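K.L.:
Read left to right, the sequence shown gives residues -20 to -1, 1 to 310 (mature numbering (1 follows the signal peptide of the UniProt record, and there is no 0)).
One or more hints might be untrue.
With beta-carbon atoms standing in for the labels, derived distance ranges [unchecked claim]:
#1 Ser111 / Ala144: 17 to 23 Å
#2 Thr164 / Gln295: 36 to 42 Å
#3 Ala108 / Ala144: 20 to 26 Å
#4 Ala154 / Thr292: 50 to 56 Å
#5 Gly140 / Asp267: 46 to 52 Å
Simulated from the structure, these hints should not be mistaken for laboratory data. Keep in mind it's a predicted model, so treat the numbers as computed, not measured. The C-beta atom is built at its ideal place from N, Cα and C for all residues, glycine as well.
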Amino acid sequence: MTRRLLAALLLVLTAGTACASTGQGASGGQDGQASGRVTLRVGDQKAGSQALLKAAGLLDGTSYAITWSQFTSGPPLLEAVNAGAVDIGGVGNTPPVFAAASGSKIKIVAAYRQSAKGSAILVPTGSAITSTAQLRGKKIAVAKGSSAHYHLLAVLKKEGLSFADIQPQYLQPADALAAFSSGTVDAWAIWDPFTSQARIQHQARLLVDGEGVVNGLGFQVAAPAALGDAGKRAAVGDFLTRLAKARIWAATHLDEWAKVWAQETGLPVEVADAAVANAVATPVVIDDSVVSSEQEIADAFTAGGLIPGTVTFSQFVDDRFNDVVGKAQP
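Go ahead and model the full structure; you've got the sequences and the hints to work with.
P.N.:
See the structure below:
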């Protein structure tokens, strides 16, 4: 068992048991049952699904219990899914590629698309770097296997550069923020809400965002074992429908969503307002265009020698829940 996997499992043990939802008890046995009820174990990230469902008034009233586990980014969340410690969780466009490349047991079950403006490569306000071509040789903070990892790769490729031409500093967001604010790194590839936090609280300067560079896709990824259990499979379907409805609600209730977002994260309202404006997401079906867009990401990482072998993204897709997009429409 790898050190990263141990860390992911430790996070589940310390965080997941403290975050029960639905108000009807969420402790369960090995089969995921809680007093005869299913318990769905959901992995989440900062200002993620739990906060969104709460804001939309769709968190309670399920026929199943939910336990929540918070993760710093998508890769450790998917390690927990692969290990069977989490049933489902939300990640960006790149973590499933890295998980697939490592042979993880995962299935992509839902998709959404949002603005790419929240994806950013930032530099300190006084930096001499004014163009992406000037990233050559620089120390750049990025979470390995995250959506920011691909954003950085794509930006470098447009300049005829590769990861061999920079000094990547593989850091999770909290550590990267500390390194960025202290001047330890020259640039930071990151996503919202950290983008807005860095720009507002630390006067970071935007070098380039993700518009026209990244696909803006995000996913809910489930453990095959959970999908193989009838009770949990039904819970997943209901959860995905609620989440899709919540995303549609957020698009027309930005102020309300931002208020809850700020309360949940403890960040200032102005940071919440900026992040929420970039994070409005539209549920989409997992169709050929989604799969081919993700295949391009996988192929880029393979060509760059950043993942082992090749990935056939379609093999990790389960589209049986595509109907939740229609169900979510008002």
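K.L.:
Could you run down the list of hints and mark each one as holding or not?
P.N.:
Verification of the supplied hints:
Between Ser111 and Ala144 the beta carbons are some 19 Å apart, a value that agrees with the proposed interval 17 to 23 Å. Between Thr164 and Gln295 the Cβ separation comes to about 40 Å, which falls inside the hinted range of 36 to 42 Å. Between Ala108 and Ala144, the C-beta spacing of about 23 Å keeps the proposed range 20 to 26 Å intact. In this structure the supplied range 50 to 56 Å is violated for Ala154 paired with Thr292, their Cβ-Cβ distance being about 34 Å.
Restraint check, Gly140 to Asp267: a C-beta distance of roughly 33 Å breaks the suggested window 46 to 52 Å.
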